[in-house]
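Asks: Residue strings, one per chain:
2 protein chains.
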Amino acid sequence: MAPIPFPAWPDVAPALIEVAAARAPADTVIRGGKWVNVHSREVLDGYDIAIARGRIACVVPDASDRIGPDTQVIEAQGRYMIPGLCDAHMHIESGMLTPAEFARAVIPHGTTSMFTDPHEIANVLGLEGVRMMHDEALLQPVNIFTQMPSCAPSAPGLETTGYEITADDVAQAMTWPGIIGLGEMMNFPGVAHADPKMLAEIAATQRAGKTVGGHYASPDLGPDFAAYVAGGPADDHEGTKEADAIARVRQGMRSMMRLGSAWYDVESQITAVTEKGLDPRNFILCTDDCHSGTLINDGHMNRVVRHAIACGCDPLIALQMATINTATHFGLERDIGSLTPGRRADVILTSDLTDLPIELVIARGQIVAENGEIRVDCPHYNWPDTARQTVHLGHDLTNKDFEITAPEGANSVRANVIGVVENQAPTKALEMDLDVSDGLVGPQGDVAQIALVERHKGTGEVTNAFVSGFGYTGKMAMASTVAHDSHHMIVVGTDRDQMALAANRLAEVGGGVTLYVDGAEQALVELPIAGLMSDSPARDVAAKAQALGEAMVATGCSLNNAYMQHSLLALVVIPELRISDKGLIDVRSFEKIDLFVPQD
Amino acid sequence: MAPIPFPAWPDVAPALIEVAAARAPADTVIRGGKWVNVHSREVLDGYDIAIARGRIACVVPDASDRIGPDTQVIEAQGRYMIPGLCDAHMHIESGMLTPAEFARAVIPHGTTSMFTDPHEIANVLGLEGVRMMHDEALLQPVNIFTQMPSCAPSAPGLETTGYEITADDVAQAMTWPGIIGLGEMMNFPGVAHADPKMLAEIAATQRAGKTVGGHYASPDLGPDFAAYVAGGPADDHEGTKEADAIARVRQGMRSMMRLGSAWYDVESQITAVTEKGLDPRNFILCTDDCHSGTLINDGHMNRVVRHAIACGCDPLIALQMATINTATHFGLERDIGSLTPGRRADVILTSDLTDLPIELVIARGQIVAENGEIRVDCPHYNWPDTARQTVHLGHDLTNKDFEITAPEGANSVRANVIGVVENQAPTKALEMDLDVSDGLVGPQGDVAQIALVERHKGTGEVTNAFVSGFGYTGKMAMASTVAHDSHHMIVVGTDRDQMALAANRLAEVGGGVTLYVDGAEQALVELPIAGLMSDSPARDVAAKAQALGEAMVATGCSLNNAYMQHSLLALVVIPELRISDKGLIDVRSFEKIDLFVPQD
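Protein chains in written order, with this note's numbering: chain A, 1 to 600; chain B, 1 to 600.
Source of the hints: derived by calculation from the structure; they are not laboratory data. All values derive from a computational prediction rather than experimental measurement. C-beta atoms are modelled at their ideal positions from N, C-alpha and C, and glycine is treated no differently. Be aware that one or more of the hints could be misleading.
With a straight-line Cα cutoff of 25 Å, these simulated DMTMM-like cross-link-like pairs (lysine to aspartate or glutamate) come out [said to hold, decoys possible]:
1. K582/B to E408/B
2. K241/B to E42/A
3. K276/A to D45/B
4. K276/B to D446/A
5. K276/A to D352/B
6. K276/B to E591/A
7. K276/A to E275/B
8. K582/B to E164/B
9. K241/A to D497/B
Simulated restraints on C-beta separations [to be verified]:
10. D355/A to G222/B: 30 to 38 Å
11. S218/A to E164/B: 56 to 64 Å
12. D70/A to G222/B: 53 to 61 Å
13. S589/B to P379/A: 52 to 60 Å
14. I4/B to A217/A: 37 to 45 Å
Model the full assembly from the supplied sequences, consistent with the hints where possible.
Replies: Right, dumping it as structure tokens:
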């Protein structure tokens, strides 16, 4: 299945010229709209857009003479014509959806271009997995550009991924038709210390003339930041404060401000434009991560633009931040991001520039959504077995696999326990005294067991530790093959039998999330593609995810966004304490530590 | 002589990182300046710039810890640090100087990047000549990017150039290290009518990911303009009115506003920004054509920026129009155009943002000019004989070559006469009654003879006609091998002996401009490179050009810019009447016409 990239401007220039010159009829004319011009930053009333071969041929006050008997005429009826919205940085896997189903969910919200970093699948399936995402992306009726993941593993030496991404992989990916640049360079200490592998990935991207995505997740704006910038990343979406955004733009990066399902970084940073008056051209909006529930209930880039406007941003500037600014950043300003000749005919009709109702969405000249309903097919890639069978446990797990043996002769132990903190990505490194029973240390009080189950190579290895803070009660276990970033399986439970049941269940269904109580499955979200994504519609996935959340509450866990906490417990780049296939990792010192604290 | 392009960011990233992180000393530190930040559009007081390997490593409030024993320290003393200025579209040949000598003339004015279209030499020497310009450009201590000329000949069928540029030439040039895009696509009727050759040149450029320069020299903003835009040109510098600039920007092109020696298109267009309030990011400043005298007496891009400010433009916005806007347009925003990490260290120190005195110029980290004096070598290319011997007359010309024979038996004739109009590029197509003497029609009254002398192939052909309006008196002739666009030789004279003397003289010196009166040479500007350029310093060329102008005045010609009028008389794309090697061309109908008007 070789994907065919959308024809380039020069492929269709003769047709565009004929229509623009009024010597040939357009395929489609949008008539009588308000032209939202993101180049001049104006709204111009009374314009028509003539489209041919999926691209804009001309935008003129009157395109009547470009209308032939076969021309599709769309009456704008005085509504605003705005460019299709661009999401400048995002992970499709966060929606637990394949690219096709993600596209189907966001097209009705007016998103027609996405810059996606398939970092999660890269950890599971390596370059081959990235290629599958890339290929499904190119099948879609909208523009999904792929950023080549840069950091798998995220924490070399501290975890074992399914595959590792190399600089050669990056160089190879740069030749693919849908690759737009390098995905977020998360190894910012590596760049700041001139790590040769990281610099080789950046160099391969720069030499290909493509854009290096950044990720500088530190409040330190001193020499480390300066060194990171000098390394070459061209943007950053990890800023959280106005000073972060300003620092990035001043240093010649673009500041990507995100509003995701759990990211709220627009309001705190957009004041750099709305209050400090900085040139807005280097500010860009993105989502980074959206759950399927957000897509179903709240929207996608339309939600971000609305929010920016609600934060006091001029609507035209907010739209620029989601259209032309993004296009320019990725070297695509003559391909997408504005309603001007030669560009892909990605057009939204909306009757209000503040509320931004997405009434009609046209992508590449074709009506793709109308009043919130998709009107087009989003073809599925033929995912091979290698992508559908990624949960390799080595053997059926039992109670025994989850046993934690106490030191010989101990009646109690002092254990290093991962402390979950509500609404925060960082955990706490706790020390807690735990009782020993029959030579084992088991779940007790609010302390549950956590297990990292190797699932990529079928080694059968299980790494056991303790976690506190979920509030689970009764005999339960929850398991997930979404386990950032290496995506083994994380099982949290108050009972080892339930833990074995949950883990085996995910092996059976090919991955996902499940919750067991007293031997019965309470909820299941199947994620058969790489154990990360479903190829079912977003609505179904969102419903199952919601049922899962309700089941977690019923099991005593009332933390906000508790599932996300669960899936991040192996993220060995965020402090303080995490679990990996190598053991318990202290992310303050980037060292493996023992489960039990040595006692005098 | 294989030119070595300046090292790219990834070539030197490790060195930049070490300096930025303060682990290694910088090569150069500029200390204590006001950072003119064209990304955020701010002036930030009290910053240092650390430079390594010719690129900026970091811009920080205090770079003391990046200063080592061998670090060159430049004290900004509170002055403004602005990015080196960029000329977005220009022809080096217009200065009658080689790239090296042009660079030497403009570096003290703060120009550190030029986007040059060697259109003139392309007509004389074809792709090989373009390569020579390109190669000398890459030898310079500043950034001279080459736009591949698109239109030689300018008027196919109406003139014979030395060489023709093909779409294959364009595709080949796109692989050269210093090629940045396609030079101005002047054949706008061709593009608007989907001429396959023009579209093939544009396509080759677009597919190479490079920028297509535009040239739409018509006030018509209707379907022809729409069709031209749909063809792909990304910019245009031919606008003269505010409406032109606005139309281009709205259609997704960049509006290049020029102030050249004879172009005054900034004041009339910049109101699109200063009064209409359009987003300034798509407006760019350029010179297009500067004579050596302008470079010596008035400046270069500093003159344009000053002028834009004098027209009411905010200084920071004017500077953006000559730095980052240009860089972004050509896909170079991470290489030049701002004072931020990774970019070439092209820095100007100035104590005033309005008057813009160019006090110190640093290019690629090296001091290249100080208080108006060049401080660096601008290496010459080893121009081969093919470039130095381009005036091929076939034989020594004599009086006879310039004879215009009257129709058999006529006592007088009605002739088509080229009418020169002061300060206008278009000429008038005049009909005048002329006397016949000895069977010949010679100069009489204000009617001089004009001859187009073939000089590329040595055919010995001379095309004779009449011109009116120069006001020459006595027995004189003026000859020039600068003869846009095909650059044969134009000789204008009141006496055929003088015409022969002048023409032969240019063959002797390898091209240039000469003026003869009564058998004695009054002035000579030698242009030995392709008959277009001198490799002498701009000051010498300007002095000779001035002497030439004074000699023209002494010979009775007091037209403003009369030499330019002379050199444009073969420009068979501008109405109404021109001369080419094919004869007299009526540029209203694009047809060859007879010298004599048929009479009843």
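Asks: Are any of the numbered hints broken by this structure? If so, which, sorted upward?
Replies: Result: hints 4, 6, 9, 12 break, sorted rising.
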